[in-house]
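Number of protein chains: 2
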Amino acid sequence: MASDSRVLNSALRSRIMSAEEAAALIPSGVNVGMSGFTGAGYPKQVPAALAKRIMDSNLNGKKFKIGVWTGASTAPELDGALAMVDGVEMRLPYQSDPICRKRINAGEMEYIDIHLSHVAQSVWFGFLGKLDWAVIEVAGITEEGHLIPASSIGNNKTWLDCADKVILEVNSWQHPALEGMHDIYYGTQLPPHRKPIPLVRPDDRIGEPYLKVDPSKIVAIVETDLKDRNSAFTPPDQASKQIAGHILEFFEHEVRKGRLPRELLPLQSGVGNIANAVMNGLNEGPFDNLTAYTEVLQDGMLDMLRSGKLTSASSTALSLSPAALAELYTNIDDYRRRIVLRPQEISNHPELIRRLGVLAMNGMIEADIYGNVNSTHVMGTQIMNGIGGSGDFARNAYISIFMTPSTAKGGDISCIVPMVSHTDHTEHDVQVIVTEQGLADLRGLSPKQRAKVVIENCAHPDFKPVLKDYYRRANSYAAGRHTPHLLEEALSWHLRYLRSGKMPRDTADELSERVGGATSPLARAPQ
Amino acid sequence: MASDSRVLNSALRSRIMSAEEAAALIPSGVNVGMSGFTGAGYPKQVPAALAKRIMDSNLNGKKFKIGVWTGASTAPELDGALAMVDGVEMRLPYQSDPICRKRINAGEMEYIDIHLSHVAQSVWFGFLGKLDWAVIEVAGITEEGHLIPASSIGNNKTWLDCADKVILEVNSWQHPALEGMHDIYYGTQLPPHRKPIPLVRPDDRIGEPYLKVDPSKIVAIVETDLKDRNSAFTPPDQASKQIAGHILEFFEHEVRKGRLPRELLPLQSGVGNIANAVMNGLNEGPFDNLTAYTEVLQDGMLDMLRSGKLTSASSTALSLSPAALAELYTNIDDYRRRIVLRPQEISNHPELIRRLGVLAMNGMIEADIYGNVNSTHVMGTQIMNGIGGSGDFARNAYISIFMTPSTAKGGDISCIVPMVSHTDHTEHDVQVIVTEQGLADLRGLSPKQRAKVVIENCAHPDFKPVLKDYYRRANSYAAGRHTPHLLEEALSWHLRYLRSGKMPRDTADELSERVGGATSPLARAPQ
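Read top to bottom, the protein sequences are chains A and B. Here my numbering is used: the first residue of the first sequence is -17, the next is one more, and so on. Here my numbering is used: the first residue of the second sequence is -17, the next is one more, and so on.
Source of the hints: derived by calculation from the structure; they are not laboratory data. You can take every hint at face value.
All copies of an identical chain are treated as equivalent in the list; a pair is satisfied when it fits inside any one copy or across any two copies.
List of simulated lysine to aspartate or glutamate pairs, EDC-like, C-alpha gap at most 20 Å:
#1 484 with 470
#2 47 with 114
#3 112 with 423
#4 434 with 488
#5 434 with 92
#6 291 with 266
#7 434 with 90
Bear in mind that the values here come from a model prediction, so they are computed numbers and not experimental data.
With the rest of the complex left out, here is chain A (with noise of 0.2 Å):
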């Protein structure tokens, strides 16, 4: 053991060992549960280690799988080493890593895409069989035994509660100073017996920063120095600018209305690149004295933490660039006051979404002319990435905003299509749709006004004349007139990208891909 080792507590230095040796415990057939949320806080030698033991399992004959529950989204050292010696039985409850998104797709990996907030209750209810291994990163552990979490806590609290052992990966990269910038919630409950919880601001402490675990679970700790795998944003290109520009003067409109105050209300953003636009743009906006109740703090909203536009932020991981990170240390003491990481199932809690008032802004795939969004599936049948938290706030949001550029690969794919391919989001769900183009505001309309105001306002140019072509003809000769649709027709934009790589960009390409003529040949007379 280093003089510097992270683990305080003397009984536990005994169970010091190497990656490989702690990897060698774990058996075949078993569920483990990571630690793990957007590319924080995960295991960086337990898992790749267990890859290699399994790969020469597999090359001896002998079939090693497991099933993998994280927080959120790994990295290439726990998802994409399992997933590459075809190690995962099941996985949930979200991911993003290439190689695994291609055995899923591929049918070789069995995936399941959660909302976040029901991951915990559904393992403490029983729902998806038993959790048997813990594997855990930490920044350190206190004389006392109690965990010191590091960039994320995800479910760490519910694996380390649930799991019959425990492997501890002690990451001394994790800046030590992030001591008491978590809260960890120990007052939920099963039903019958759960009780309201106490948080009705979004920077409200109502737990302790450390997690706790028995020590007699505890059957190796591996010390380790890796940096998480975070990668720096791009700067926001033009149509994650103007989306945010729609965005901003969305919220401005509301606040003239009186619909929103000044300070607005706690911010939610998804991840990736227009998200942390969408900050930048707030960043440099008339907001002032705002907040944030989300799942990830990315580099955007430590921006405006920085500047003071941003008072407080809540989240269940930090998913910063290097660069915004050695700005975290550098003021850590200030934002350490600033900053709270929660378990998701509390950062993404519908009782706390609602009472808040959460602004909910998401990433999408597509939506359709309706107001129905597909968050995960690439043409109805690939998955993409998974829900992620985007239903937990969407659902329970005060406003729910989507947002994508109206086109994909080069301007091929329209996302804006008659019927999304796969629904994450419905449309009782779905307040706001943005693209480059402008914003469609849904609140009160009905389906037929919604296809106005998304086609009008969201549609590329390129794609509107055969989206207006489409939904006039299917309010002439749909069966129902409520969610006017041409059955045969409302998934060939998808077909005709699978076919021809293009979704059809003018009346003349879609008309010639149709059988029967210039309507439907199921068309109806209006009864």
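Let chain A serve as the given structure and place chain B on it in line with the hints.
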């Protein structure tokens, strides 16, 4: 004024007038919040009087329309009358009236189908426009001017608070002994001022027994003596009994596995005959000391209260047959202690449904093999009724169950389809699907695993081979194998029904529909 008037407040007596006089006060173009939830507690004279006035106006060439906002469904005297004369510009949040439905599906009436828990707050937020008028049925007015609610509460608190002008129908048919059964929570706030709702047991009383209204807003009081239009339930048919049997068996299994307590968790049950049959089943089942936290109390639950199986029930409406209503009033002193009627924002509140761990049981139109549920649209375009509270409960339930007979229209429609034609509850929110054929427990299953159990356990034998054939080919030829679909066929069952009046019953039927041979023309070899 009759000597038995229920208008005890002397200052308000001067505002008593006829329904025609009251209806004459309401101008065209306003939004009117009306009472009424599942055929209970709706105003019974003013809407019809208004409809006659609208008819006269329209016949004279002066267009007269209003926005009609309610709790949920009402009755012919309200929805039917106003729709008949084309007097409704916008209807929300739920309806089940045949004339309304016809107008909506003909494209003649706008309709917004909203989660019932979202309505009140959306009005407070100003998202649906200004609420101008309220027309509310009550059981009486006390000397102090408090309103004794009738057989439903719905959104009445919000309508009374937000409207500029109020018309009350004081219905002496509503039993005076209802006084004291209601619990109106006046603690809601707008964000950022919201506090936890202090309810931890289904029968907790957290509010007041009366509705309050600023007396200066009351412009008319109409005295009526007319019954709610609730009809008797049909005796449970074979399919309903089988569905109930599968659910009971499932609950027993969950209790044995330790995933449900012996007294289960609070029951929520949707509207209609199947839901009622499940309650009948529970009434004869092995579970005691049950509770209910639901939006509507039907005969089945009253039977359970009478037998003692159910210790208490919370809802927002009494939707009872005449016989059940007679029983209620015969033993009202007992029932008044055990039944709590609440505003629908509380009966359906996500915070409370999640906290209590409700067992949600709701009907549906169709489910697909991957566990997506359509509750609202026939063949994707025609509204049936609306989502009601099914989403409020399903999303936040301990276990969310959706049920339907496996076929409809005498066996011509399969209620298990390759892809739902409209999605109201996504794969992320549906845990159990039940038909008379059996029960599919989808918890912890990936999409492909779900497809197998849904087809095997729930599909009708007539449609099983075609569903298996679809799934087999989708899993071989789809672009992605996470949720395998053949997009050109995914909605072909609905199309076939629209064309021929039958969904495909065997693979030959289905093959004859397809162009391009035995596999999809877009079929791709595995990559």
